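J.: Go ahead and model the full structure; you've got the sequences and the hints to work with.
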Amino acid sequence: KLRMGWIQNLTENEKKIIDDFLEEAAKLKGKALNKKEKQTVKFIARDQVRSIRKEQKSKKQKKSRVDMEEKEDETINTISNNADEQGRLKILSAKERDFINNAIYEEMKIKGRKLVKCEMKEVLKIARKKILNNRISCQIKNERNKERFEAEFEWRKPVPFRR
Numbered sequence: 001k002l003r004m005g006w007i008q009n010l011t012e013n014e015k016k017i018i019d020d021f022l023e024e025a026a027k028l029k030g031k032a033l034n035k036k037e038k039q040t041v042k043f044i045a046r047d048q049v050r051s052i053r054k055e056q057k058s059k060k061q062k063k064s065r066v067d068m069e070e071k072e073d074e075t076i077n078t079i080s081n082n083a084d085e086q087g088r089l090k091i092l093s094a095k096e097r098d099f100i101n102n103a104i105y106e107e108m109k110i111k112g113r114k115l116v117k118c119e120m121k122e123v124l125k126i127a128r129k130k131i132l133n134n135r136i137s138c139q140i141k142n143e144r145n146k147e148r149f150e151a152e153f154e155w156r157k158p159v160p161f162r163r
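Residues 1 to 163 in the UniProt record's numbering are what the sequence shown lists, from first letter to last.
No lab work stands behind these hints, which were simulated from the structure alone. In this text, all values refer to a predicted model and were calculated from it rather than measured experimentally. Hints are not guaranteed to be accurate.
[Stated by the list, open to error] Heads up, simulated DSS-like pairs for lysine-lysine below, C-alpha to C-alpha not over 27 Å straight-line:
#: 1; residue 1: Lys38; residue 2: Lys54
#: 2; residue 1: Lys16; residue 2: Lys54
#: 3; residue 1: Lys129; residue 2: Lys59
#: 4; residue 1: Lys62; residue 2: Lys129
[To be verified] Label pairs and their calculated CB-CB ranges:
#: 5; residue 1: Arg50; residue 2: Leu115; range: 31 to 41 Å
#: 6; residue 1: Met120; residue 2: Ser51; range: 22 to 32 Å
#: 7; residue 1: Lys90; residue 2: Lys57; range: 19 to 29 Å
The beta carbon of each residue, even a glycine, is placed where N, CA and C say it ideally should be.
T.: Pasting the structure below:
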């Protein structure tokens, strides 16, 4: 499926890719391309450039996400691994599922109708954030409790007070 349209702000590399596509098509044909052929080759090249841009964008997002995770504690990293790229939670407990269902139900009560897809997404996004924050806080509390109970208590005989 060919997509029509221009790409704004082409870099030198992207211009070179389009030119290479045109040159290769001319070589394969054996003579100069007519207007219609040039147009179709340019559309294919633009699709290629768009896909390259999309890959670079996703790589940047992954890299920034990794940088943010490196800054956080390891305990928080284990929790963030429970969510995929879109922020959806992979594993949900029954209470968390009930929490999400209740959030949707409450929003439907407020609106007085069924939710539109974009409204549903927004409600789910907020509910997931709350669940993740709750998981993080619970894990931090557990870590603090472990540290407190792991600390060994040594009883020492008090030094007598002399007058």
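J.: Let me make sure I understand: some of the numbered hints might not hold for this structure. Which ones are they, in numerical order?
T.: none
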